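Let's have the full structure, built from the sequences with the hints guiding it.
Numbering-wise (my numbering), the sequence shown opens with residue 96 and increments by one.
Do not take every clue at face value.
[Stated by the list, open to error] Taking lysine-lysine pairs in the DSS-like style, the calculated list, with each CA pair at most 25 Å apart, reads:
no.: 1; residue 1: 219; residue 2: 186
no.: 2; residue 1: 203; residue 2: 116
no.: 3; residue 1: 186; residue 2: 112
no.: 4; residue 1: 116; residue 2: 279
no.: 5; residue 1: 141; residue 2: 279
no.: 6; residue 1: 391; residue 2: 335
no.: 7; residue 1: 203; residue 2: 186
no.: 8; residue 1: 338; residue 2: 376
no.: 9; residue 1: 306; residue 2: 339
no.: 10; residue 1: 176; residue 2: 141
[To be verified] Quick list of simulated restraints, FRET-style, between CB atoms:
no.: 11; residue 1: 329; residue 2: 372; range: 20 to 30 Å
no.: 12; residue 1: 386; residue 2: 304; range: 34 to 44 Å
no.: 13; residue 1: 226; residue 2: 314; range: 18 to 28 Å
no.: 14; residue 1: 111; residue 2: 387; range: 50 to 60 Å
no.: 15; residue 1: 308; residue 2: 384; range: 19 to 29 Å
Derived from the structure by calculation, the hints contain no laboratory data.
No experiment lies behind these values; they were computed from the predicted model shown.
Note that beta-carbon positions come from the ideal geometry of N, C-alpha and C, so glycine has one too.
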Amino acid sequence: IEPVSPLFTMDRAPVNKSVEKSDKIKTLMVNGFGANEVMNYPFVKKEDIGNIPFDQKRIIETVDEKEAPFLRYSMINGLMKNLFENLKNYKDFTLFEFGRVYFDNAEKKRFAVISTGKSSEFLKMKKIAVSISKELKTPPIRFNRIKEDFMSADTILHPGRSAVVSAVKYDLGILGELHPVLLKKYGIDVPATYMELDVEQLYDLPERALKFTSLFKFPSTSFDVTVIVPDKTEADQLLKIIKKSVDSKLLVETMIVDHFKGSPIPEGHLSISFRIVLNGKERTLTADEMRSVQQKLFNDFRKEGYKISGD
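As structure tokens, this is what we get:
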């Protein structure tokens, strides 16, 4: 190959799309989120299997490795140990890893992120997932309720603060706050968040066509709304209400800016805050128009049985 490559020239060599996409994600994680990449051996000990229950019939046992005789079936084992060791010196950090998992006599490539400290918030982990989707130009990703036994999510993640990451008709992975019981098993006493994605499915998604729009001639304006909902309410339900309520000609962007659970929020409920960005396109919106949009949205939330903060 080496003698032929100068004649063939490297610019004519086919690009490995998988490697190219992995490099994009690595650059995003390091430059965009200040994360560090780690690499772990794929072997796990018997006690690690006990920490994260998994169907024993699906676990592959090796012949040569005596100390750690099993192949990992999730990226979580190694990253939990990385988390424990790094907490001895640091309190705020994000780690990520590309690797393979093994079960059912097959192997799959995975991408995983673990985070603690200021960057460990659930919404920030969602931001990482959305940023990866934008970087790879995939169809928009969605966050749905965890399905039973999917990627061992019920034992890895907090049941009320986790989600399945989906795009088109595929479930790509899981993200959320790590389960307190799991953290305790590894001797960790601080909150942390985790995400694990199926790289092969992620990379197989069709590339989204880019759309270009002209810059706004007039400044945008925004307002926030905080809704108090039952803690099992999915954010997508609330986003659909916003999309239906606000005139599509005015709506520029809707984003979740905060969530809170605890006093003075009633037990079994949480508050979710949204920022609604509006633009009149051809004119500046008046204060009366803003109030009209705001009041209509508040009333639409109330009609659905939700309470607006301040009511």
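Status of each hint after checking the structure:
1. 219 x 186: holds (16 Å)
2. 203 x 116: holds (16 Å)
3. 186 x 112: With Cα atoms ~36 Å apart, residue 186 and residue 112 exceed 25 Å; violated.
4. 116 x 279: violated (35 Å)
5. 141 x 279: holds (18 Å)
6. 391 x 335: holds (14 Å)
7. 203 x 186: Violated: residue 203 and residue 186 sit about 32 Å apart, past 25 Å.
8. 338 x 376: Distance of about 18 Å is within 25 Å: holds.
9. 306 x 339: Distance ~22 Å between residue 306 and residue 339 Cα, so the pair holds.
10. 176 x 141: holds (15 Å)
11. 329 x 372: 20 to 30 Å: Because 22 Å falls inside the window, the suggested range holds.
12. 386 x 304: 34 to 44 Å: For residue 386 and residue 304 the Cβ distance comes to about 37 Å; the hint holds.
13. 226 x 314: 18 to 28 Å: holds (26 Å)
14. 111 x 387: 50 to 60 Å: holds (54 Å)
15. 308 x 384: 19 to 29 Å: holds (21 Å)
Checked against the numbered hints above, the structure violates hints 3, 4, 7; every other hint is satisfied.
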